[in-house]
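Number of protein chains: 4
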Amino acid sequence: MPSPLAEAREKLARANRIIANEGVLDAFGHVSMRHPTNPERYLLSYSRSPELVQADDIFEFTLDSEPIKTPAQRLYGERVIHGEIYKARPDVNAVCHHHASSILPFCISGMELKPVYHLGATLGSAAPFWDSRDEFGDTNLLVVKPEEGLSLARALGKHDMVLMKRHGVTAVGTSVKMCVFRSIFSSRNAEYQVRGMGLGTIDPLRPGEIELAGKIANSTTGLDRAWEYWLQRLTRAGLLPR
Amino acid sequence: MPSPLAEAREKLARANRIIANEGVLDAFGHVSMRHPTNPERYLLSYSRSPELVQADDIFEFTLDSEPIKTPAQRLYGERVIHGEIYKARPDVNAVCHHHASSILPFCISGMELKPVYHLGATLGSAAPFWDSRDEFGDTNLLVVKPEEGLSLARALGKHDMVLMKRHGVTAVGTSVKMCVFRSIFSSRNAEYQVRGMGLGTIDPLRPGEIELAGKIANSTTGLDRAWEYWLQRLTRAGLLPR
Amino acid sequence: MPSPLAEAREKLARANRIIANEGVLDAFGHVSMRHPTNPERYLLSYSRSPELVQADDIFEFTLDSEPIKTPAQRLYGERVIHGEIYKARPDVNAVCHHHASSILPFCISGMELKPVYHLGATLGSAAPFWDSRDEFGDTNLLVVKPEEGLSLARALGKHDMVLMKRHGVTAVGTSVKMCVFRSIFSSRNAEYQVRGMGLGTIDPLRPGEIELAGKIANSTTGLDRAWEYWLQRLTRAGLLPR
Amino acid sequence: MPSPLAEAREKLARANRIIANEGVLDAFGHVSMRHPTNPERYLLSYSRSPELVQADDIFEFTLDSEPIKTPAQRLYGERVIHGEIYKARPDVNAVCHHHASSILPFCISGMELKPVYHLGATLGSAAPFWDSRDEFGDTNLLVVKPEEGLSLARALGKHDMVLMKRHGVTAVGTSVKMCVFRSIFSSRNAEYQVRGMGLGTIDPLRPGEIELAGKIANSTTGLDRAWEYWLQRLTRAGLLPR
Numbered sequence: 004m005p006s007p008l009a010e011a012r013e014k015l016a017r018a019n020r021i022i023a024n025e026g027v028l029d030a031f032g033h034v035s036m037r038h039p040t041n042p043e044r045y046l047l048s049y050s051r052s053p054e055l056v057q058a059d060d061i062f063e064f065t066l067d068s069e070p071i072k073t074p075a076q077r078l079y080g081e082r083v084i085h086g087e088i089y090k091a092r093p094d095v096n097a098v099c100h101h102h103a104s105s106i107l108p109f110c111i112s113g114m115e116l117k118p119v120y121h122l123g124a125t126l127g128s129a130a131p132f133w134d135s136r137d138e139f140g141d142t143n144l145l146v147v148k149p150e151e152g153l154s155l156a157r158a159l160g161k162h163d164m165v166l167m168k169r170h171g172v173t174a175v176g177t178s179v180k181m182c183v184f185r186s187i188f189s190s191r192n193a194e195y196q197v198r199g200m201g202l203g204t205i206d207p208l209r210p211g212e213i214e215l216a217g218k219i220a221n222s223t224t225g226l227d228r229a230w231e232y233w234l235q236r237l238t239r240a241g242l243l244p245r
Numbered sequence: 004m005p006s007p008l009a010e011a012r013e014k015l016a017r018a019n020r021i022i023a024n025e026g027v028l029d030a031f032g033h034v035s036m037r038h039p040t041n042p043e044r045y046l047l048s049y050s051r052s053p054e055l056v057q058a059d060d061i062f063e064f065t066l067d068s069e070p071i072k073t074p075a076q077r078l079y080g081e082r083v084i085h086g087e088i089y090k091a092r093p094d095v096n097a098v099c100h101h102h103a104s105s106i107l108p109f110c111i112s113g114m115e116l117k118p119v120y121h122l123g124a125t126l127g128s129a130a131p132f133w134d135s136r137d138e139f140g141d142t143n144l145l146v147v148k149p150e151e152g153l154s155l156a157r158a159l160g161k162h163d164m165v166l167m168k169r170h171g172v173t174a175v176g177t178s179v180k181m182c183v184f185r186s187i188f189s190s191r192n193a194e195y196q197v198r199g200m201g202l203g204t205i206d207p208l209r210p211g212e213i214e215l216a217g218k219i220a221n222s223t224t225g226l227d228r229a230w231e232y233w234l235q236r237l238t239r240a241g242l243l244p245r
Numbered sequence: 004m005p006s007p008l009a010e011a012r013e014k015l016a017r018a019n020r021i022i023a024n025e026g027v028l029d030a031f032g033h034v035s036m037r038h039p040t041n042p043e044r045y046l047l048s049y050s051r052s053p054e055l056v057q058a059d060d061i062f063e064f065t066l067d068s069e070p071i072k073t074p075a076q077r078l079y080g081e082r083v084i085h086g087e088i089y090k091a092r093p094d095v096n097a098v099c100h101h102h103a104s105s106i107l108p109f110c111i112s113g114m115e116l117k118p119v120y121h122l123g124a125t126l127g128s129a130a131p132f133w134d135s136r137d138e139f140g141d142t143n144l145l146v147v148k149p150e151e152g153l154s155l156a157r158a159l160g161k162h163d164m165v166l167m168k169r170h171g172v173t174a175v176g177t178s179v180k181m182c183v184f185r186s187i188f189s190s191r192n193a194e195y196q197v198r199g200m201g202l203g204t205i206d207p208l209r210p211g212e213i214e215l216a217g218k219i220a221n222s223t224t225g226l227d228r229a230w231e232y233w234l235q236r237l238t239r240a241g242l243l244p245r
Numbered sequence: 004m005p006s007p008l009a010e011a012r013e014k015l016a017r018a019n020r021i022i023a024n025e026g027v028l029d030a031f032g033h034v035s036m037r038h039p040t041n042p043e044r045y046l047l048s049y050s051r052s053p054e055l056v057q058a059d060d061i062f063e064f065t066l067d068s069e070p071i072k073t074p075a076q077r078l079y080g081e082r083v084i085h086g087e088i089y090k091a092r093p094d095v096n097a098v099c100h101h102h103a104s105s106i107l108p109f110c111i112s113g114m115e116l117k118p119v120y121h122l123g124a125t126l127g128s129a130a131p132f133w134d135s136r137d138e139f140g141d142t143n144l145l146v147v148k149p150e151e152g153l154s155l156a157r158a159l160g161k162h163d164m165v166l167m168k169r170h171g172v173t174a175v176g177t178s179v180k181m182c183v184f185r186s187i188f189s190s191r192n193a194e195y196q197v198r199g200m201g202l203g204t205i206d207p208l209r210p211g212e213i214e215l216a217g218k219i220a221n222s223t224t225g226l227d228r229a230w231e232y233w234l235q236r237l238t239r240a241g242l243l244p245r
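Residue numbers (this note's numbering), protein chains in the order written: chain A, 4 to 245; chain B, 4 to 245; chain C, 4 to 245; chain D, 4 to 245.
Pulled out of the complex, with its shape left as it was, chain A reads as follows:
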């Protein structure tokens, strides 16, 4: 019988690959989860493309983003994104950092991302922006120092995702499945918002609708149904972790 940790690593490997297989992650980006039994640790792969991550590639980190055992492999430079968010948000159990093609235009132009259809309610009432220039001036745009991760976590606040100017997105979830769902459907919502704006005035969900539709979008029923579908697609693509 697999241990909770072994199950968690397997689930996290699948999450990495599902988000990649659905086109939200590419060569870059990463997905983590909080340790299943020790909330002061989180799990994250060594530095490799998410579509390639195996359960064995996943290591334990302190919330200061130090590896428990130093692996032979190189680590993601941006792991403070994960550690600082787990510190600031005890309710968060999974984090995905990505550069989805449908949301990057928002990160580039500063256009506000809003839920425009029921499944878009997964992104919450708004996705705040974070701009590395505000506190750190000219950088390589990566979030590698603890203070940069802290600043990003502060911009995220109580929201479900944060848009990083000229860089990408960081989305969170109370569970791995919710984080996967949010990463994928907020990307779809972005695509529809752009196309809808091209056709006329858009009329986003109202606060009451966001609350009600968000409950459904993030319910176990919806998450399980979508997870089964994505897992089947992963299998057909020959991408199930070994």
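No lab work stands behind these hints: they were computed from the structure.
Cβ atoms here follow ideal geometry from the backbone N, Cα and C, with glycine treated the same way.
With a straight-line cut-off of 20 Å between C-alpha atoms, the simulated SDA-like cross-links for lysine to any residue are:
no.: 1; chain 1: D; residue 1: K218; chain 2: A; residue 2: G80
no.: 2; chain 1: B; residue 1: K117; chain 2: C; residue 2: L145
no.: 3; chain 1: A; residue 1: K218; chain 2: B; residue 2: T142
no.: 4; chain 1: A; residue 1: K117; chain 2: A; residue 2: A158
no.: 5; chain 1: A; residue 1: K168; chain 2: D; residue 2: P210
no.: 6; chain 1: C; residue 1: K168; chain 2: C; residue 2: G80
no.: 7; chain 1: D; residue 1: K117; chain 2: A; residue 2: G113
no.: 8; chain 1: A; residue 1: K168; chain 2: D; residue 2: D206
no.: 9; chain 1: A; residue 1: K168; chain 2: A; residue 2: E115
no.: 10; chain 1: D; residue 1: K148; chain 2: C; residue 2: S222
Reference listing, derived: stretches of chain B covered by chain A, where coverage requires no fewer than 3 residues with Cβ under 8 Å from a Cβ of chain A:
no.: 11; stretch: 43-56
no.: 12; stretch: 96-108
no.: 13; stretch: 112-122
no.: 14; stretch: 137-148
Chains B, C and D: place on chain A using the hints.
Just chains B, C and D now, with coordinates in the frame of chain A:
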């Protein structure tokens, strides 16, 4: 020799998978058909992604959307969409509810969908809108109560499809094949209409053209030819129901 | 050793499938070639989707579009497109009628299609329009009567392709390979023209460039190189005719 | 143990296929590298589509673009692009000439390509334009004469890529991996820039950011991680050179 019901369930499983494989359905949405021998019942899968539906997953429902035998599995919350339309439209024998990426921008912006090429005539002269806000105020946008389904069926009226604001589409057909054809080619038409509007003034089909081209688009010849093609693609994708 | 006719039918089956596999043809559309030894006849499949056409599906037709032997299968309704063009254009040895998603917006809006990069020179200096309304008023938009085919052939004139309002495209070639090349690269050119226009003022090829680049685009070298590539992709997709 | 030359040819075959499999190269375009032990020569396939190139297809050329041994096969007409750049730029060890769909709209409209997100820094501070008309008037737009190659190399100057009006792109790298990375991620950047401009005012990377982010984008870590990912995708597509 398979019974009419067994044949119907197999055909409906294929319809679900074809529409998904052609990119109109994703993790969500559902397709139903009227019972082949009892017009007071309809057939619908339990709650799972359309691309995964097998003949064995399909159950019988009364037109009040109650299952004849209560299955162990969870059911689609929105099955009243199907039941209320079958009640209101004796000519309708298949219903598809989807969130196609090409039509969602219309649902978001309120832009009118019009047939802009001969195959687009399958959508009829116009696709009316339905807005959950009009009668029900703030909801989770799903159509789950009988009165919501009834309201949607009323908005559909005698049309072939209805656009649901901030949500998706419901398309009908006198047969499963026609419903599949309409779901797919109205989505293509939407894409071309958007792109055509981006290039200049569009000049949609005239009423006489819609009537004449619609007859062809919905003729057995066209439906069978397209069905053979989609079925072949389904087979190549490894998605034929077992 | 295969006869010229057998070789021609095999090549035509491949041409149908290549154009479909490259996304220019879908469930509908058709490709024909002039008979390799009898210029008063042409070869065309019975009515099925181009991606499915086998050598055995291909029949001989007079230039009046009558089958030499009446097959059991249903025939394409629009075969007069082919017959009337072969009559009017002795230099043409292959014809493709399609509804490519990238060119349909031009057919809908009336925007002129122009060569905007060297490979686009395959479409010639301009693609004239044909509108079924001009001579025939309200129709189902299909080209099924000899006089409709004749009218279309007249609009094509000495050009390499003609855009059919609210319908699609007919492209010709002095050989099957050239017709395939033109169908595919004129569709790519359309996509780039639209995107280029979205970015600013476009600056199409000049007459001298169209002539010089057209010679290269339609040279044996280019045609053979592209054909090898598309055939390899067809093979990988499992779509080579049996 | 394979010789440096054998290893180089294998790597170059993979580079050709990776760039094609990621959608940047199609039937046309080509990738070369400087000879691993003799800087006065470069390696390039005979004239075939990049996705089909095998190690055995790759020949040696002088920097005047003459083959060391005349092969039986036809050669690329545009190989002076490679030779003239290797002459002018001793720091360059790989060259890719392509017609990526996302950058062609820039080549058609003259819109300036700018890095709009961190990975876009791989394209450098700016991509200059080269217009065949300026020095050569009406041509077939191909770069086939030594003076045309020299003119293009002059327009490239010290930059990392040059946009060729109404034609395509030539990108260089100090290594094969960097050239592949630049070809792919500058294409992604182009897509995001266009979409971002559609949403509002874009705010590209600042000079300091381009320098810092460029160092990271072109570091061994990033290049190796992306290469592993693309190679895995190539393998899954059945496209690994034999």
